[in-house]
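A.B. asks: Sequence:
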Amino acid sequence: MPEMLSDVERVLRLSERMRLLVAVSEEIPVESKLNAEAMLKMFEAAVAAADDPADRARASGYYRVLYRDLEPYADLEALLSAMRVFAPYL
7 MPEMLSDVER
17 VLRLSERMRL
27 LVAVSEEIPV
37 ESKLNAEAML
47 KMFEAAVAAA
57 DDPADRARAS
67 GYYRVLYRDL
77 EPYADLEALL
87 SAMRVFAPYL
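First residue of the sequence shown: 7, per the numbering used here; consecutive thereafter.
In short, the hints are calculated from the structure, not lab data. Careful, some of the hints might be misleading.
To be verified - The following label-pair restraints were derived from C-beta to C-beta distances:
(1) 12 - 35: 18 to 24 angstroms
(2) 70 - 40: 17 to 23 angstroms
(3) 39 - 19: 18 to 24 angstroms
(4) 55 - 88: 17 to 23 angstroms
(5) 51 - 27: 31 to 37 angstroms
(6) 70 - 31: 18 to 24 angstroms
(7) 30 - 60: 17 to 23 angstroms
(8) 25 - 70: 31 to 37 angstroms
Claimed, not checked - DMTMM-like cross-link-like pairs, simulated, lysine to aspartate or glutamate; straight-line CA separation at most 20 angstroms:
(9) 39 - 83
(10) 39 - 9
(11) 47 - 9
Just so it is clear, CB atoms sit at the ideal spot from N, CA and C, and this is done for glycine as well.
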């Protein structure tokens, strides 16, 4: 039987997959990888604490920066888009 996950857990799993894709991608410059890694950590912390409207706004801001920086990479853009299914506030 599949494990039941909350929407937050699903977004965090998608973020973990993004982290892996960023790390192994040869297309992404090293500086962009380092920036994305740091931003993903802050994004994950904000999503995990997204009960408060201020935390949701912070998570949304990090999401916008990640989307802007990683949109050119189709696989990462797809994962970012999938996150909005589970967390519409992004």
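A.B. asks: If a hint holds in the structure, say so; if it doesn't, say that too.
C.D. replies: Against the structure, the hints:
1. 12 - 35: 18 to 24 angstroms: Between residue 12 and residue 35, where Cβ atoms are some 34 angstroms apart, the hint is violated.
2. 70 - 40: 17 to 23 angstroms: holds (19 angstroms)
3. 39 - 19: 18 to 24 angstroms: Cβ of residue 39 to Cβ of residue 19: about 20 angstroms, so the range 18 to 24 angstroms holds.
4. 55 - 88: 17 to 23 angstroms: Cβ of residue 55 to Cβ of residue 88: about 21 angstroms, so the range 17 to 23 angstroms holds.
5. 51 - 27: 31 to 37 angstroms: Distance hint for residue 51, residue 27 is violated at roughly 20 angstroms.
6. 70 - 31: 18 to 24 angstroms: The hinted range 18 to 24 angstroms holds for residue 70 and residue 31, with Cβ atoms some 21 angstroms apart.
7. 30 - 60: 17 to 23 angstroms: Between residue 30 and residue 60, where Cβ atoms are some 34 angstroms apart, the hint is violated.
8. 25 - 70: 31 to 37 angstroms: For residue 70 against residue 25, whose Cβ atoms are near 18 angstroms apart, the range 31 to 37 angstroms is violated.
9. 39 - 83: holds (15 angstroms)
10. 39 - 9: Answer violated: residue 39 to residue 9 is near 31 angstroms, above 20 angstroms.
11. 47 - 9: Violated, because 24 angstroms separates the two Cα atoms, which is more than 20 angstroms.
Checked against the numbered hints above, the structure breaks hints 1, 5, 7, 8, 10 and 11 and satisfies the rest.
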